Amino acid sequence: MVEEESLRVVRCGGSELNFRRAVFSADSKYIFCVSGDFVKVYSTATEECVHILHGHRNLVTGIQLNPNNHLQLYSCSFDGTIKLWDYIDGILIKTFTVGCKLHALFTVSRPEDSVFVIINKEKPDIFQLVSVKLPKSSSQEIEAKELSIVLDYVNQSPKCIAFGNEGEYVAAVRDFYLSVYFFKKKTTSRFTLSSSRNKKHSKNNFTCVACHPKEDCIASGHMDGKIRLWRNFNDDKKYTYTCLHWHHDMVMDLAFSVTGTSLLSGGRESVLVEWRDAAEKNKEFLPRLGATIEHISVSPAGDLFCTSHSDNKIIVIHRNLEASAVIQGLVKDRSIFTGLMIDPRTKALVLNGKPGHLQFYSLQSDKQLYNLDIIQQEYINDYGLIQIELTKAAFGCFGNWLATVEQRQEKETELELQMKLWLFSKKTQGFILNTKINMPHEDHITALCFCNAEKSEQPTLVTASKDGHFKVWILTDDSDIYKKAVGWTCDFVGSYHKYQATNCCFSEDGSLLAVSFEEIVTIWDSETWELRCTFCQRAGKIRHLCFGRLTCSKYLLGATENGILCCWNLLSCALEWSAKLNVRVMEPDPNSENIAAVSQSSVGSDLFIFKPSEPRPLYIQKNISREEVQWGVFVPRDVPESFTSEAYQWLNRSQFYFLTKSQSLLTFSTKSPEEKLTPTSKQLLAEENLPTTPFYFILGKHRQQQDEKLNETSENELVQLPLTENIPAINELLHTPAHVLPPASFLCSMFVNSLLLSTETKSAEEIPEDIDMEEEKESDDSDEENDFSEKVQDTNDPDLGEDIIHQLSKAEEKELRKFRKVDYSWIAAL
Amino acid sequence: MSGYKPVAIQTYPILGEKITQDTLYWNNYKTPVQIKEFGAVSKVDFSSQPPYNYAVTASSRIHIYGRYSQEPIKTFSRFKDTAYCATFRQDGKLLVAGSEDGGVQLFDISGRAPLRQFEGHTKAVHMVDFTADKYHVVSGADDYTVKLWDIPNSKEILTFKEHSDYVRCGCASKLNSDLFVTGSYDHTVKMFDARTNKSVLSVEHGQPVESVLLFPSGGLLVSAGGRYVKVWDMLKGGQLLVSLKNHHKTVTCLCLSSSGQRLLSGSLDRKVKVYSTASYKVVHSFDYAASILSLALAHQDETIVVGMTNGILSVKHRKSEVKKDSLPRRRRPTYRTFIKGKNYMKQQDDILINRPAKKHLELYDRDLKHFRISKALDRVLEPTCAIKTPEVTVSIIKELNRRGVLANALAGRDEKEISHVLNFLIRNLSQPRFAPVLINAAEIIIDIYLPVIGQSPVVDKKFLMLQGLVEKEIDYQKELLETLGMMDMLFATMRRKESTSMLEHTSDGFLENKKIES
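Just so you know, the protein sequences line up as chains A and B, in that order.
Numbers 1 to 830, taken from the numbering used here, label the letters of the first sequence in order.
Numbers 1 to 518, taken from the numbering used here, label the letters of the second sequence in order.
The hints are simulated quantities; they were obtained by calculation from the structure and are not laboratory data.
The reader is advised that the hints may include incorrect statements.
[Claimed, not checked] The calculated DSS-like cross-link candidates involving lysine-lysine, where the alpha carbons are at most 30 Å apart (straight line), are: (1) A:K214 with A:K238; (2) A:K455 with B:K30; (3) A:K436 with B:K245; (4) B:K5 with A:K281; (5) B:K388 with A:K466; (6) B:K30 with B:K245; (7) B:K5 with A:K483; (8) A:K145 with A:K101; (9) B:K359 with A:K483; (10) A:K411 with B:K478; (11) A:K484 with B:K478; (12) B:K359 with A:K283; (13) A:K426 with A:K483; (14) A:K347 with A:K281.
[Unchecked claim] Label pairs and their calculated CB-CB ranges: (15) B:K375 with A:A485: 32 to 40 Å; (16) B:Q90 with A:A485: 37 to 45 Å; (17) B:G16 with A:P640: 53 to 61 Å; (18) A:I432 with B:L484: 35 to 43 Å; (19) A:T46 with B:P432: 49 to 57 Å; (20) B:I353 with A:K281: 45 to 53 Å; (21) B:Q348 with A:L755: 22 to 30 Å; (22) A:K281 with B:K375: 20 to 28 Å; (23) B:N153 with A:K484: 54 to 62 Å; (24) A:K661 with B:L481: 41 to 49 Å; (25) A:K281 with B:P333: 32 to 40 Å.
Note that the coordinates shown come from a computational prediction; the quantities given were computed from them, not determined experimentally.
Using N, Cα and C, we set each Cβ at its ideal position, and we do this for glycine too.
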């Protein structure tokens with residue numbers, strides 16, 4: 001039984017990953033990025049999300065590694081707090097409360113106890129860079145009120161501020177000037193570009209800035225695609241700059257590599273440019289990254305770069321400009337034309353993705369499953385270009401078929417329209433293009449629907465268009481003696497008094513087709529394609545149309561533009577009821593009779609759940625979102641919930657997801673957000689912590705052999721071998737810094753000895769007589785033994801810097817004797 | 001990251017006959033050689049031994065033709081009346097023929113006079129064949145009887161009197177020397193076994209049977225009569241497998257291709273149809289000038305010989321394979337170059353890195369990949385591409401337009417280059433499939449080159465041609481609209497119901513409002 005709390009609207013996944021620069025961990029194993037109210041920790045090797053750091057109450061706006069402890073991470077948020085995290089375990093260490101909205105965060109190593117943040121105090125559009133002193137305290141919640149202004153009137157974006165040369169100066173750009181503040185001199189220099197009034201330079205606003213890590217050099221990106229490298233800027237008069245120009249559009253972000261030898265830049269072209277040695281001719285490209293590059297960041301180890309893209313994607317790029325991993329969230333770059341759909345096979349949410357692609361997004365794991373390339377043409381990302389848009393898509397026949405419509409309209413008369421039908425191939429587990437129809441209609445296609453009746457023997461698709469026709473497409477056998485093939489052909493063309501067809505819908509059993517022509521709904525028999533009856537309410541153009549399901553299958557619902565919701569009875573061919581409701585989204589639940597309608601009013605959107613059989617809604621949720629809700633969909637649950645309360649019963653078998661105008665994906669939940677989150681696997685983390693060094697391999701082998709031996713000798717009851725970690729000598733060898741270790745020749749014997757297997761423990765107790773015998777024997781060649789033991793002693797001595805003591809103490813002698821007793825007889829057996 | 005995606009070339013459905021392997025195969029014959037015979041050619045039979053001569057039975061003569069000779073290399077003309085069904089023995093050494101007077105004559109290919117004469121039929125013998133053991137002859141005659149003859153002592157062995165009408169066709173099994181089938185005008189096809197002296201199987205064809213054929217395996221029997229060709233499964237006791245009705249008139253002859261994969265039938269409707277023996281669908285069809293009476297295929301389908309009612313023998317030879325190796329081949333890298341490093345076995349600690357497969361790009365795609373737009377356009381405007389595959393050129397123009405660089409690509413051209421573009425426009429502007437793209441391109445060209453018009457007479461002439469073309473097209477569209485109006489009126493009077501209306505598909509007026517001034 002689910003505990004019944006009040007139903008809340010919750011944001012579910014798909015938050016932006018590209019809001020701020022991603023940050024690498026010091027060993028480049030993890031990458032951090034802000035994601036809504038959380039910070040997400042991804043593994044760079046596996047692309048998996050390892051941790052979600054949650055604790056902020058508002059949008060996280062900045063993250064930085066703690067420069068003094070690279071296992072800790074600072075984050076700041078609009079909720080006015082700076083939080084310190086242990087990212088490996090995902091634990092919140094400390095919270096510093098600043099009090100005002102924090103827009104960005106910067107850390108420098110020099111003043112250890114302070115960080116820099118961007119705040120706006122007085123007016124909404126004036127931002128200041130301030131340093132915050134973080135007081136040292138053992139408590140978890142600390143007030144940090146000690147602010148000192150560094151720069152005033154800066155840009156809000158963190159891309160416009162950069163700290164250079166280990167925190168000696170800070171550079172900030174805004175509009176047409178660059179200001180540099182020197183911490184030592186406590187002076188600000190300001191450099192202004194030739195004014196905006198000059199037409200030639202009209203677009204040379206600063207867009208971003210980056211500082212060279214080693215030298216006094218500042219790189220700035222500009223609106224017109226130029227990159228300027230500023231030098232000698234500590235002198236107001238003698239400063240110089242050089243220009244690098246490859247981008248033809250705005251430079252979105254800049255980053256220097258760790259050593260400073262190369263500069264990375266990116267922009268709308270979706271090409272990562274690497275400028276080597278700051279020279280115009282030495283440049284390397286990584287093209288076709290898919291979407292506008294928003295941010296570039298470099299790992300502290302210098303082996304990886306990463307680019308954040310406008311399509312909510314982070315690409316991890318190797319030093320040699322090879323993409324090595326892609327972390328893809330829900331693509332939200334573009335407007336959604338196709339609406340929300342559910343792939344019947346994968347139960348994934350399907351909607352417009354990258355340009356020309358359909359994205360399959362898993363709601364459970366908040367992860368993009370894959371992108372289906374529909375348009376299959378080279379994507380040129382340029383401002384003002386009219387792209388081919390994927391406007392409609394529909395699944396049919398239990399996910400076996402997918403129909404897509406793409407269009408491009410340059411001028412009024414020039415419409416390019418193409419419909420594609422894709423067949424799911426079991427062999428490749430993907431959709432394969434089956435039929436391509438050029439200009440299926442002479443005008444925009446307004447609706448697309450498959451006949452999804454279970455008994456239908458022939459797949460049927462209906463398209464409605466503004467040209468006043470609706471067309472019925474059927475799958476026909478196209479095979480001849482050479483090959484087997486199926487293809488789609490037009491079976492019937494229908495129209496009604498040259499009105500524009502606005503919507504179409506099949507009844508649940510597939511026997512009836514409803515097509516709305518502006519204000520009129522027409523019902524067609526799907527066997528003979530004869531017009532059965534028409535409904536007309538004269539209440540404006542029909543915007544949504546759907547049949548009732550299960551017990552309510554005799555009803556047809558239509559929502560009009562004038563805000564009337566009508567329900568017709570198909571048996572009596574009369575209006576059953578109508579209601580005044582400005583319906584934006586109307587979605588039937590595939591598992592029940594319920595229908596969800598989202599209405600739009602001036603204050604917000606309201607949700608109504610009702611059954612077509614009665615006009616009284618089952619459930620009303622007021623104000624689900626302040627913005628307009630654009631699309632909604634019911635997602636069948638894998639495991640049905642069991643809400644007993646009547647109001648929530650509609651959520652038992654399906655979950656309702658909806659997408660608002662700002663493209664946030666929301667749903668309803670009664671659980672608290674902590675419960676909702678899936679636990680991350682600790683196993684994954686533990687495995688990754690072991691570095692795969694050559695030594696690891698040696699030890700690994702050793703351990704394997706050990707295991708084998710154990711198995712072999714368990715019957716003989718031999719002494720168990722000590723684990724390598726338990727041998728103190730090895731431990732010491734591994735954990736002492738290399739520069740304080742004695743030469744390897746010293747260590748060798750000790751190391752080998754420690755690995756040798758001694759039978760001492762056993763023999764010492766059982767056969768004490770033997771010890772004496774051996775002792776006597778060995779006393780003959782004691783000189784050699786002495787030398788040997790000395791060396792062992794030396795290396796075991798923790799104070800290696802001191803002179804070697806030649807006289808042996810009593811304790812040492814005892815030890816030496818013990819050492820002699822060690823039985824190495826087993827070596828002969830090897 | 002994904003690589004460069006090549007430009008999608010719009011494909012258009014090919015009108016007319018579909019090109020399949022079969023049409024290519026059966027069209028690969030030279031123009032037929034016509035040989036005039038004395039009368040209707042009733043039978044053509046190829047010798048199964050090299051040099052694959054063929055015997056043609058027409059009127060009272062039997063001509064033996066060599067493979068490529070237009071004149072008969074031998075003639076048997078000692079028939080008092082019409083000869084029928086001259087058939088070679090399997091070894092190609094003997095020939096048997098029936099005649100109108102009821103005699104069956106056996107000839108040696110090298111001799112002239114008949115070796116044996118089998119007397120016994122009272123009426124015309126239309127069907128003779130050798131059995132599989134080569135020592136017997138089967139004959140069927142208009143006296144309703146079928147007889148089996150022994151060659152060495154020219155004796156009649158058996159007589160079957162089971163047919164109730166003329167026996168006009170038949171053949172012997174190629175596997176079993178005792179089995180043969182005959183077809184008769186009594187609508188039946190009967191299979192006889194020489195060991196039982198009565199028919200072992202009888203199938204009802206439904207029409208007078210004109211021709212029968214046994215598959216080499218003996219499992220399937222094909223009979224032709226009336227407009228039907230029927231295939232029977234002999235192993236299932238004569239069950240009808242399929243009935244084909246693809247001819248307009250009586251089917252007179254049947255023949256199997258040498259591979260056994262195709263069945264050919266000739267008919268009085270002057271057509272030869274080729275069927276696939278797997279699906280029994282027509283895969284190809286030949287047309288001839290007159291009604292076809294006989295049909296034969298040479299070894300390896302090298303020659304198709306068709307005899308017609310007007311006495312014309314049509315001989316088609318297969319085109320010889322074009323030798324492409326006549327030119328000295330360019331030296332290619334050796335085999336070793338290609339397998340270099342391919343057979344390297346991965347060692348234990350090695351990490352295998354495969355070189356990504358290089359995708360082949362067309363030249364214009366390579367140019368577009370590097371944003372060399374004018375060069376890409378030049379490349380597709382070259383005559384070889386622009387004339388042969390205008391859809392490629394149009395697709396590239398469309399792609400340039402999509403990228404927003406069409407005006408740049410078209411600008412800055414000299415007289416020769418711009419006339420290339422204009423030539424292409426003149427050739428293709430009026431085609432409805434290309435019109436939307438090309439009209440846009442034409443408008444851009446006019447916009448760009450309007451200031452310099454009048455400088456070159458060549459280009460001016462092209463512009464005038466274009467103008468004329470557009471005006472003509474507008475006239476066409478007007479006429480079409482008028483026709484459409486008339487048809488609408490006709491349909492309106494015929495309409496059954498008010499509400500439903502069928503779509504009349506007519507070419508739409510792309511060009512209506514386009515006025516191109518030059």
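Now the hints, each set against the structure:
no.: 1; hint: A:K214 with A:K238; in the structure: holds, 20 Å
no.: 2; hint: A:K455 with B:K30; in the structure: violated, 54 Å
no.: 3; hint: A:K436 with B:K245; in the structure: violated, 35 Å
no.: 4; hint: B:K5 with A:K281; in the structure: holds, 28 Å
no.: 5; hint: B:K388 with A:K466; in the structure: violated, 37 Å
no.: 6; hint: B:K30 with B:K245; in the structure: holds, 29 Å
no.: 7; hint: B:K5 with A:K483; in the structure: holds, 28 Å
no.: 8; hint: A:K145 with A:K101; in the structure: holds, 13 Å
no.: 9; hint: B:K359 with A:K483; in the structure: holds, 27 Å
no.: 10; hint: A:K411 with B:K478; in the structure: holds, 24 Å
no.: 11; hint: A:K484 with B:K478; in the structure: violated, 44 Å
no.: 12; hint: B:K359 with A:K283; in the structure: holds, 25 Å
no.: 13; hint: A:K426 with A:K483; in the structure: holds, 19 Å
no.: 14; hint: A:K347 with A:K281; in the structure: violated, 50 Å
no.: 15; hint: B:K375 with A:A485: 32 to 40 Å; in the structure: holds, 38 Å
no.: 16; hint: B:Q90 with A:A485: 37 to 45 Å; in the structure: holds, 43 Å
no.: 17; hint: B:G16 with A:P640: 53 to 61 Å; in the structure: holds, 59 Å
no.: 18; hint: A:I432 with B:L484: 35 to 43 Å; in the structure: holds, 40 Å
no.: 19; hint: A:T46 with B:P432: 49 to 57 Å; in the structure: holds, 54 Å
no.: 20; hint: B:I353 with A:K281: 45 to 53 Å; in the structure: violated, 30 Å
no.: 21; hint: B:Q348 with A:L755: 22 to 30 Å; in the structure: holds, 24 Å
no.: 22; hint: A:K281 with B:K375: 20 to 28 Å; in the structure: holds, 23 Å
no.: 23; hint: B:N153 with A:K484: 54 to 62 Å; in the structure: holds, 58 Å
no.: 24; hint: A:K661 with B:L481: 41 to 49 Å; in the structure: holds, 45 Å
no.: 25; hint: A:K281 with B:P333: 32 to 40 Å; in the structure: holds, 35 Å
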